[in-house]
Amino acid sequence: MREAARMERWRQAVRNNAVWCGIVCDAHGIEHGCTGDVWLTSTPAPAFYPDMITLASHIDPSAAQLHAEDRKRTFIKDSFASLDLFSCGYEILFDASWIFHPAASKSAPIAAGWRVVSSAADFELWVEAAGLASVLHPEAMERQEVKLFMHDEDGTSAGFIATCAADVVGISNVWETGRSAWPDFAPIVSRAYPGVDLVGYERDGNLRAARQSGWQELGPLRVWKRKT
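Under our numbering, the first residue of the sequence shown is numbered 6, with each subsequent residue one higher.
Each hint should be verified, as a subset may be incorrect.
To be verified - Okay, the calculated beta carbon distance ranges per label pair:
| hint | residue 1 | residue 2 | range |
| --- | --- | --- | --- |
| 1 | Arg7 | Lys77 | 37 to 45 angstroms |
| 2 | Pro143 | Met6 | 16 to 24 angstroms |
| 3 | Pro199 | Leu71 | 36 to 44 angstroms |
| 4 | Gly38 | Gly219 | 34 to 42 angstroms |
| 5 | Ser110 | Asp89 | 22 to 30 angstroms |
| 6 | Gln217 | Asp159 | 41 to 49 angstroms |
| 7 | Ile97 | Gly38 | 38 to 46 angstroms |
| 8 | Asp172 | Gly219 | 31 to 39 angstroms |
| 9 | Ile97 | Gly200 | 19 to 27 angstroms |
| 10 | Pro107 | Glu74 | 16 to 24 angstroms |
| 11 | Gln217 | Thr40 | 36 to 44 angstroms |
Said to hold, decoys possible - Straight-line alpha carbon distances no greater than 30 angstroms define the calculated DSSO-like cross-link-like pairs of lysine-lysine that follow:
| hint | residue 1 | residue 2 |
| --- | --- | --- |
| 12 | Lys232 | Lys111 |
| 13 | Lys77 | Lys111 |
| 14 | Lys111 | Lys230 |
FYI, nobody ran anything at the bench for these hints, they're computed from the structure.
Note that CB positions come from ideal geometry on N, CA and C, so glycine has one too.
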């Protein structure tokens, strides 16, 4: 992948993720918006979600630190792993990698057992399996740009969220038991969003599974947590 293309896909992945975080906040009634190259919430975000996301690789460090020093910001997603927030009272929660997969062809086979969550019963099953029952509200799933996918067949249970924004489809909140479901993601998503490339971020076992399924790494990200 050429450097210019890699950076553009990286930026798309970041913007897509900020849209998804905003959708989650909307469902909780939390205001949010962008100030320069930073996405911010007005009050603390729901569990597992950031209060601040950097949107550019060359953000002004002093501006970033000014936002970080606001006591409402417990978690900060440093989208390009370019900030030093130790002096602001933060510690590293985890490092991860942005990832990319080209859209699958129309003829790519789709594994049996996948479905889009469309009922309240399936939604409850999905959020319980993902450990997000108190985090994801049904309102977020009613957005046109969001689809929850679920699989339960042949001893494998899996699920993920697809968010179509910033000219890509963001894959997030992956959970699975049994065999790895990562090879299924591109074909099933590309059937719903033809010709649209896929992005996301992962770490540890999910990152290894993604790489083994043909995903490419775009670059690092870092999540910071305010020390208590």
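Comparing the hints with the structure gives:
1. Between arginine 7 and lysine 77 the beta carbons are some 40 angstroms apart, a value that agrees with the proposed interval 37 to 45 angstroms.
2. Our hint of 16 to 24 angstroms for proline 143 and methionine 6 is violated, since their Cβ atoms are close to 38 angstroms apart.
3. For proline 199 paired with leucine 71, a C-beta distance near 43 angstroms keeps the hint of 36 to 44 angstroms intact.
4. About 36 angstroms separates the C-beta atoms of glycine 38 and glycine 219, a value consistent with the hinted range of 34 to 42 angstroms.
5. For serine 110 and aspartate 89, the Cβ-Cβ distance of about 43 angstroms falls outside the hinted range of 22 to 30 angstroms, so the restraint is violated.
6. In this structure, glutamine 217 and aspartate 159 break the distance hint of 41 to 49 angstroms, their C-beta atoms being roughly 20 angstroms apart.
7. Restraint check, isoleucine 97 to glycine 38: a C-beta distance of roughly 26 angstroms breaks the suggested window 38 to 46 angstroms.
8. For aspartate 172 paired with glycine 219, a C-beta distance near 20 angstroms fails the hint of 31 to 39 angstroms.
9. Between isoleucine 97 and glycine 200 the Cβ separation comes to about 37 angstroms, which falls outside the hinted range of 19 to 27 angstroms.
10. The beta-carbon spacing between proline 107 and glutamate 74, approximately 40 angstroms, falls outside the hinted interval of 16 to 24 angstroms.
11. Distance hint check for glutamine 217 and threonine 40: the Cβ-Cβ separation is about 39 angstroms, which falls inside the suggested range of 36 to 44 angstroms.
12. Proposed proximity of lysine 232 and lysine 111 is contradicted: the alpha carbons are some 48 angstroms apart, above 30 angstroms.
13. Our distance criterion of 30 angstroms between C-alpha atoms is broken by lysine 77 and lysine 111, whose separation comes to about 46 angstroms.
14. Our distance criterion of 30 angstroms between C-alpha atoms is broken by lysine 111 and lysine 230, whose separation comes to about 42 angstroms.
Comparing the model with each numbered hint stated earlier shows that hints 2, 5, 6, 7, 8, 9, 10, 12, 13, 14 do not hold.
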